[in-house]
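If you read the sequences in order, they're chains Y and Z. Read in my numbering, the first sequence has 9 at position 9, and its numbers run on one by one without any break. Read in my numbering, the second sequence has 129 at position 129, and its numbers run on one by one without any break.
Derived by calculation from the structure, the hints in this document are not laboratory data. Be careful, since some hints might not be right.
[As the list claims (entries may be wrong)] Pairs of lysine-lysine residues, derived as DSBU-like cross-links and limited to a Cα-Cα distance of at most 35 Å, are as follows: (1) Y:K11 <-> Z:K187; (2) Y:K196 <-> Y:K126; (3) Z:K114 <-> Y:K11; (4) Y:K126 <-> Y:K224; (5) Y:K196 <-> Z:K114; (6) Z:K94 <-> Z:K187; (7) Y:K196 <-> Y:K212; (8) Y:K20 <-> Z:K114.
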Amino acid sequence: MQVEPLVIDVKGMHYTPLNKQIRAAVASGVREIVLNNVLGQRFIANGLRGDVRITVNGVPGGDLGMFMSGPECEVFGDAEHAPGNTMDSGTLVIHGSAGDAVAHSMRGGSVFVKGNIGYRGGIHMKEYEDKRPILAIGGTSHAFLGEYMAGGLILVLGIGHDPAVRDRGIGSGIHGGEIVIRGDVSERLLGVGAMKVEFTEEDLERISPVIKEFCERFDLDPSKFLDTHYCRIVPSSSRPFAGKYTWE
Amino acid sequence: MVKFISGKYYLIAPKPNIIVINMCGIIGVIDRTMSRMDGSSIKEALSLMDERGSGEGAGYVAYGIYPDYADCYAIHVFFDNLLEPKTRVDEILKQWGRVVYQEEIPTYEQPDLKREHIPWRYFFKPYTDLMVGTKNPDDDNVKRLVMNINANVEGALIFSSGKDLGVFKASGWPEDVANFYRIEDYKGYIWLAHNRYPTNTSGWWGGAHPFNLLDWSVVHNGEITSYGTNRRYVEGHGYQCTMLTDTEVVAYLFDLLGRRHGLTSEMVVEALAPPFWDEIDEMPEKQQELMRAIRLTYGPALMNGPFAIVVATNDGIVGFSDRIKLRPLVAGENGSRLYISSEEAAIRTMDPDVETIYMPRAGEPVVGRVVE
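My request is simple: use the sequences and hints to build the entire structure.
What follows is the structure, encoded as structure tokens:
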């Protein structure tokens, strides 16, 4: 049976009744939800499970898609702090920019941001076996990108920005995962425990599906990004602060 | 067929009663042409950030609200009663100047707001010849009596003392505090607003933001872990901290560095949130020299800890965050108006037509000045 899409005018609405409506709709088999006039409602689609597509027209509040498992959420507007916080699986597509701590502690799935992100993007992202979260950014990022990162991939294309990232503390305390940034990254911008390595043809092969998907999502030509002109930042050790907090 | 569900039944948001993340909400706006806005839109914007507070403190300040008394210092006082404390304050004011007019600040009972104090206002002209050793004797006269009354008169607290401006604050939710004072009845060209989530000290009327001294008003999200050092520094220059919370010291630092030492707002921010030494090392020589001098001269004014702050004075506003950006801050522009806030949605609530939204870099000031 074909279930009709649900369209909600969210103007002036609090997030609690909104999320209750979304969950009830998904439970009743709705596969497509459109939220109009979104402005500042936090926690949209939090902990939501299932196969559903949510279109957010407006600027959602913080922690969009936190703990979300499975749905795809597309935002036509900017997002505030921590979209994709501890997200388990699924996809966030943000057609504007986003605030601080994007993809905070993310465990799986993908977050695509067309514009820029604030400070501490991908802080403490992690991975386990086949769960490998992806944070891809079209523009630039502010400081402490991938802080305390434990797994997954952060990709910064730096469209319209040269250098792609000019803020300090990249990969500060990183002990797993990788940060891939278009062009070169100055050594002095690397955080404690982060190390720059060459971006190889094998890396490109591994990452090109992400580049292609990002470009497809935002209607960009992928061909100009499919080369090895990237910088790859990885942990210099699995325990960057071993000597700081413990004695062996 | 598409199902439409209207959200209008939820216009009154349920008040959050369990909050696990601490944060405050701030928003400020300036109209650079000094065109005045009433307080209704900033009330909406601050209320959108109810989640950032705990109902224990909210407040507003507006510049340009008292055109009939524009040349007087508007002294706002919380009185515990109108007997002894008010008699003492009346005496001190009459000694140091002339009270042109005074009245109880109009307030309107709100079911969820408990009246802890009686807000009163005086329009005051200080006697200039009473102060020596200063280039602005009027300001120093008023500063001195604010410090004196707040430290020594039990049951009285001056929480606003600038010309043609006023702070309106209390313990309560943003919308309740706004309705208590009916801030939509005031029109200003600068507004700052704050929703408090008290962490290190309890919420009380005097601990709500904005904090004000003379023309300086401050709203702040975060905490100033260097408070002890900063407090000792301003106390050595004749300020007394009496509000039982850290933000107060920022107002005094701006008064000391900005008014008495004559630093520009940008330079005050460089002193309070300076670049790191390794960043200074990379600057051109001349700038290096200046930044080293600022850091060495104003070491005890340097603020540590997480903060996002907006400061207003009668000719502009400045917003800045701590150097490693531990609190949110976004800015928005629309023609003559500059907005600075914790959340983009709050700016869009005040001004749905805002043209550009951007995130200032950590430690770098965002400045909006009136154009003459």
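These are the hints, each one checked on the structure:
1. A distance of roughly 27 Å separates the Cα atoms of K11 of chain Y and K187 of chain Z; the hinted pair therefore holds under the 35 Å criterion.
2. Between K196 of chain Y and K126 of chain Y the alpha-carbon distance is near 20 Å, which keeps this suggested pair within the 35 Å criterion.
3. At most 35 Å may separate the alpha-carbon atoms for a hinted pair to count; K114 of chain Z and K11 of chain Y meet this at roughly 31 Å.
4. Restraint check for K126 of chain Y and K224 of chain Y: satisfied, since their Cα atoms lie roughly 29 Å apart, inside the 35 Å limit.
5. Between K196 of chain Y and K114 of chain Z, the direct Cα distance comes to roughly 59 Å. Violation of the 35 Å bound is thereby established for this hinted pair.
6. Among the hinted pairs, K94 of chain Z with K187 of chain Z is consistent with the structure: their alpha-carbon atoms are about 29 Å apart, no more than 35 Å.
7. The suggested pairing of K196 of chain Y with K212 of chain Y holds, with an alpha-carbon distance near 24 Å, which does not exceed 35 Å.
8. Between the alpha carbons of K20 of chain Y and K114 of chain Z the distance comes to roughly 33 Å, so the proposed pair stays at or under 35 Å and holds.
Of the numbered hints stated above, the single one contradicted by the structure is hint 5.
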